[in-house]
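A.B. asks: Now for the letters of each chain:
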Amino acid sequence: MAELHKDYIYNLMVKGEREDGRAFDQCREITIETNVINKAEGSARVKIGETHLVVGVKIQPGTPFPDTPDQGVIITNLELIPLASPVFEAGPPREDAIELARVVDRGIRESGAVDLSKLCITEGEKVWMVFIDVHVLDDGGNIMDAASLGATAALLTSKLPAKRYDLGEDSPVPIRDIPVAVTAVEVGGTIMLDPSLNEESIAGTKLTVTSNQNGDISAMQKSGTHPLTSEQINYIVDIAIEKAKELREKFLVI
Amino acid sequence: MAELHKDYIYNLMVKGEREDGRAFDQCREITIETNVINKAEGSARVKIGETHLVVGVKIQPGTPFPDTPDQGVIITNLELIPLASPVFEAGPPREDAIELARVVDRGIRESGAVDLSKLCITEGEKVWMVFIDVHVLDDGGNIMDAASLGATAALLTSKLPAKRYDLGEDSPVPIRDIPVAVTAVEVGGTIMLDPSLNEESIAGTKLTVTSNQNGDISAMQKSGTHPLTSEQINYIVDIAIEKAKELREKFLVI
Amino acid sequence: MAELHKDYIYNLMVKGEREDGRAFDQCREITIETNVINKAEGSARVKIGETHLVVGVKIQPGTPFPDTPDQGVIITNLELIPLASPVFEAGPPREDAIELARVVDRGIRESGAVDLSKLCITEGEKVWMVFIDVHVLDDGGNIMDAASLGATAALLTSKLPAKRYDLGEDSPVPIRDIPVAVTAVEVGGTIMLDPSLNEESIAGTKLTVTSNQNGDISAMQKSGTHPLTSEQINYIVDIAIEKAKELREKFLVI
Amino acid sequence: MNKPENLIENGIRLDGRKPDELRPIKIEVGVLNRADGSCYFEFGGNKVIAAVYGPREVHPRHMQKSTSAVVRYRYNMASFSVEERKRPGPDRRSIEISKVSREALEPVIFQEYFPRSAIDIFVEVLQADAGTRTAGINAASIALADAGIPMKSLVSSCAVGKINDTLVLDLNKDEDNYGQADMPVAITKDGNITLLQMDGHLSRDEFREALEMALKGCEAIYEMQKAALMEKYPAQLEGDVIE
Amino acid sequence: MNKPENLIENGIRLDGRKPDELRPIKIEVGVLNRADGSCYFEFGGNKVIAAVYGPREVHPRHMQKSTSAVVRYRYNMASFSVEERKRPGPDRRSIEISKVSREALEPVIFQEYFPRSAIDIFVEVLQADAGTRTAGINAASIALADAGIPMKSLVSSCAVGKINDTLVLDLNKDEDNYGQADMPVAITKDGNITLLQMDGHLSRDEFREALEMALKGCEAIYEMQKAALMEKYPAQLEGDVIE
Amino acid sequence: MNKPENLIENGIRLDGRKPDELRPIKIEVGVLNRADGSCYFEFGGNKVIAAVYGPREVHPRHMQKSTSAVVRYRYNMASFSVEERKRPGPDRRSIEISKVSREALEPVIFQEYFPRSAIDIFVEVLQADAGTRTAGINAASIALADAGIPMKSLVSSCAVGKINDTLVLDLNKDEDNYGQADMPVAITKDGNITLLQMDGHLSRDEFREALEMALKGCEAIYEMQKAALMEKYPAQLEGDVIE
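Protein chains in written order, with our numbering: chain Y, 166 to 419; chain V, 166 to 419; chain L, 166 to 419; chain H, 5 to 247; chain R, 5 to 247; chain Z, 5 to 247.
These are computed hints drawn from the structure, not numbers from a lab. Just so you know, not all the hints are guaranteed correct.
Cut-off 27 Å, straight-line C-alpha distance, at most; resulting in silico cross-link-like pairs (DSSO-like, lysine-lysine) [claimed, not checked]:
1) L:283 with Z:7
2) L:212 with R:236
3) V:283 with H:7
4) Y:324 with H:177
5) L:371 with Z:220
6) V:212 with V:283
7) R:156 with Y:371
8) Y:328 with H:90
9) Z:230 with Z:30
10) R:230 with R:30
11) V:328 with Z:90
12) R:230 with R:193
13) R:177 with R:22
14) L:371 with Z:69
15) V:324 with Z:220
16) H:90 with Y:283
17) H:69 with V:371
18) L:212 with R:156
19) V:371 with H:103
20) R:193 with L:324
21) Z:103 with Z:30
22) H:90 with Y:212
23) L:291 with Z:7
24) Y:283 with R:7
25) Z:30 with Z:69
26) H:156 with H:230
27) Z:236 with V:212
28) V:328 with Z:177
29) V:410 with V:324
Covered, in the sense of this in silico footprint (three residues per stretch, anywhere, with C-beta under 8 Å from a C-beta of chain L), are these stretches of chain Z [said to hold, decoys possible]:
30) 91 to 100
31) 104 to 114
32) 204 to 218
Only some residues are given here: those of chain R computed to face chain L with a beta carbon under 8 Å [as the list claims (entries may be wrong)]:
33) 36
34) 53
35) 55
36) 57
37) 118
38) 131
From a predicted model like this one, the values you see are computed outputs, not experimental measurements. Where is the CB? At the ideal position from N, CA and C, for every residue including glycine.
Generate the whole structure from the sequences, applying the supplied hints.
C.D. replies: This is the structure in structure tokens:
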């Protein structure tokens, strides 16, 4: 983005405005469509403003980790493929893609969203492996929240494909909680939710807060080089938990 | 190759001639020598004009693919090592090497040349893995046909090394058909078989046709950016099948 | 190092002197501290002059190689991490790191230092895998000898962690010999032991001689592009065996 | 699905199609914001999306061509696009498909208009059901037009196969798995062939017939591609090369 | 260790610490010869070593920034630093830690003083016992000062966690394995937060309390970092930014 | 072969050789068309081929040396060259062999004649039977001469080993597998040693004797190398450095 445009956004912000007319604590329009990929055990297409991605969940039997022989495995991947942005490149995932994937993963794992013990088939030998793959198609900013929403929505519609592997009847993935990640950016002291691509490009820091059904926090990640004060962090935590509640009720009822 | 030399070849061609005096549907001199590598289960050294390569077949027991538990496995590799040409580079195989390997592989696989079901040792557990490795030593053009000839010739002389693995007596690889690939190039509307390196460098497109003992086609691959007409393709198919018959009778009698 | 400084060292040498005042067959000060890493099964910190490295030995059960079903496995790694020198780079080990690791490895393996047959747990199924990892922290020259000393010292203090894997009581790694590597460089016809970084940078060739308790040679490696005469080599072998004896007695008594 | 006894009975295929019938096609032009041109293409059970960036700078520099644009093509399958999860990243199959797909499109692009620059084509397969490379080429061809890249023609692609000794157009997954031959083809609007691959078993005569059948299938697809572009760019296309 | 019944009893943790007590810390400044600055840092059972090279030339060139230095950070665990041998080389975890650690330090470095150059920070974990990233940041911050890199402040880092529903400072390995939450934090001397990660379960109120606790822990570490530097550089530090 | 009781009996080795006898050698000079120089070298059961390209441009540029040529050496084993199929691509062993082989040849090449350029040596092992690195160096040395690279001398290489407490020249595979020591050596025509590696067990005296034995073996090989070149280049070699 040109410097001039950055100044424009910055000046708007000083006047309390955003380029697209939103309030600072307002998200862009969100649409979620599930079961969009019939080869996947669960899937969701998420659009937040101009950001667009598809999450597919593949589930197959595999070997448990030695230290958790009675628990299933969740593996989250996210690729910033060059189709989605002129600045993304082919090749092994870079640090931002890895960070995004790991924060989505921790949100799901740490919230206990999936009851891993129910993914055990034969202790120590065979468990369900749940692969969550986030395929970003259009980067319009705040991939983090879109990916998190997509992952949760896809999991909510996923089935354990027991029949295919002669392991009985198919059943839904055992869901215990519905984590929602909400990201804010800080720009010159102002806090804004759900940053657009332009806003991201002038922000010094993002803070992602993933919260549970009961309003507790299950994961957080500060990303970026600007420091935050305790007050800013506490403020973001508060509005992120509120916003997560809204989003959960609107989009993620089981 | 210098532009001037390209023009020379092109002008010759317009006059109906080739640099080395061949007719358009004539191959260069071919020599095939088998059993040249005693550590391999089968091997062949092929020279077509200035092109020179060695194919080695290694066979060892391995696990079948889950979807074909009663069939052996064929894996074809081809490396364009930097020894063979100033333009080849070390490193993982590039798209041309991969394409060559895959076309050789499909020629053998799709023709049913090897009876894969006879490569099963214990269903679902142990089958013979046949590794066909093509080692190009000198690139004088038309590696494709040399590699295909070498792979077939090496297979025809290969043994299943049962003794070494305490699996009974050695026996020949079960051969059912003898596929032969023949490649033509198109240059300014003219079709030429078995292109030399210089001819390849001015050709817009190659077409490889692999055919069987009974004259049926088992694999085809167009490679290069010039379009071909239906007529050109049908013409190439016809002469490729004829030439394959010749080569089979001359070099590949079992 | 600047050319001027190279000339200075070279001129000193011609006068029979070394930059740090040592005799040509004298090593720098050596300190070895063992059991420095409590997560490792054995470890040693070695300083030779300004060179500083840590060797950690990890031991865990694994599968034997098919051709030695009744023997444990030793795997030696050495990384020239960018923390240790401005000229080291991140990434897969380069040829010098690989050479160093392999010479350390051969010194231990060929001397029979570890009784591999006693590392067998169940023939053909389970053996102890001994991983020797050399972590270079400061390159002050002659990493080779420091790594070798560290590897041997760490092995001498290593335990087979049988308890952790329910395989009985812990026991020391079965040691049969104590190999010591000693490296000399040749500069303009002069032979010097234990080269400092500056001396290494003007040396054309290094020769490492690893010898046993009984004074026999178990491994040698010439490294570098200057040729050596038979006389030079025989001289180095003689002083290296002497020096190894000294070092063994001083630092590596069991 | 286990191997069915017959893939075609009384001239009707298992999914109800006639031998020379294409699967349903759905085309959306310009579906992405960041890309210079894009296209979403459904071809039966295949869902692919193509994006075009360029002409733009070439990185790394040594890949530049001084007299024409470099065309690059990356065919990639999403991990979840197939029955058994696919490991992310390129494999030998996708590298070969990328190569032949690029070569299927290069002849129609006026590369010499853009020396030292790159035209990057990315095709992502979101759902696969046999025929992904043909779907990708169809999508990419539209995405190139959507990006405003000057082209001599669209490129249209479909496969012909053989099942139960019958030649049929546009194999689906089951027909591909249990069929006797598969032959993907791509053509320009003049019927010049820019992609041709085949594996399986075809006699010389079957091949001739199959090629004719493929050309007809491609022509039908070409009309749909043109219609989709006309809908998005009604004015510009009048009398244009795309037509 | 198998999961213990209680990780804290009567306000005393299994290793004898009080809830708000840090593990013992040992700092050595300037321990390496080749590096421009270095620091060995023991933090309970963690043993890490940090080295700083720079400002120096940037390779490859295209990574240069024309108006400021590039800061690079490589967190790496020695294969023998953990119970189960770690494969050498970067993994996803170490790549993420390198990123957030770099971002924890960048705000205090006067990067604009050194356009087109690189400041390289290398952190090697020789022995790991929970909290390696915080130990690494503490060490790196001292190594930067030892290298003479101009800085606005030191950066100090420690974690807060939750065990048996009690918030505790600076988790050790067992507390981390069997605890309910872990939250590493880093701050500048003014209390600005440059690193914040969390996973586990914290209520909104617990979070506020945990953050306060972390800030106090970081302040205590800051004093130790300053003392270690004062000991090495008694004269220079008088009235300096480090103070 | 299982371990035989004796590898040598009454001074005769299992393959019929005397202790100081080399295996049969076959040399063909200039066997490749594309390479600037090449040599096919059979050494007992070893079949290797060496190619030399250069002096030529260096890619990537930053590998250039401003005052001399860069010599590069790539030793590679064909997948089918050994009993158990070898995975394609370099491994740690081949990287080390490439390094010491390059260093065995560099001292005889007039590198300073060709600043900023590369001399690339490629050695492919088609069939392996112990001693591939020595066969490779012998072949590469001839290929360099065939390419017209100015050299001070040829380099000649063979190994000495110990079997049943007897020193023997030029181990074959079985002797290598079941022997007590292996020591590959390479020398210039003046007897200067450019390659020396050893593993196994040799006393100080055995080592001295082994080294002498290796030098004699190398000298014999040198004569064969020279003869092969003389046959190809009868005129030029008169009075030349190769002699």
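A.B. asks: Taking the earlier hints as the rules, which of them does this structure contradict?
C.D. replies: Violated hints: 6, 15, 18, 20, 25, 37; rest satisfied.
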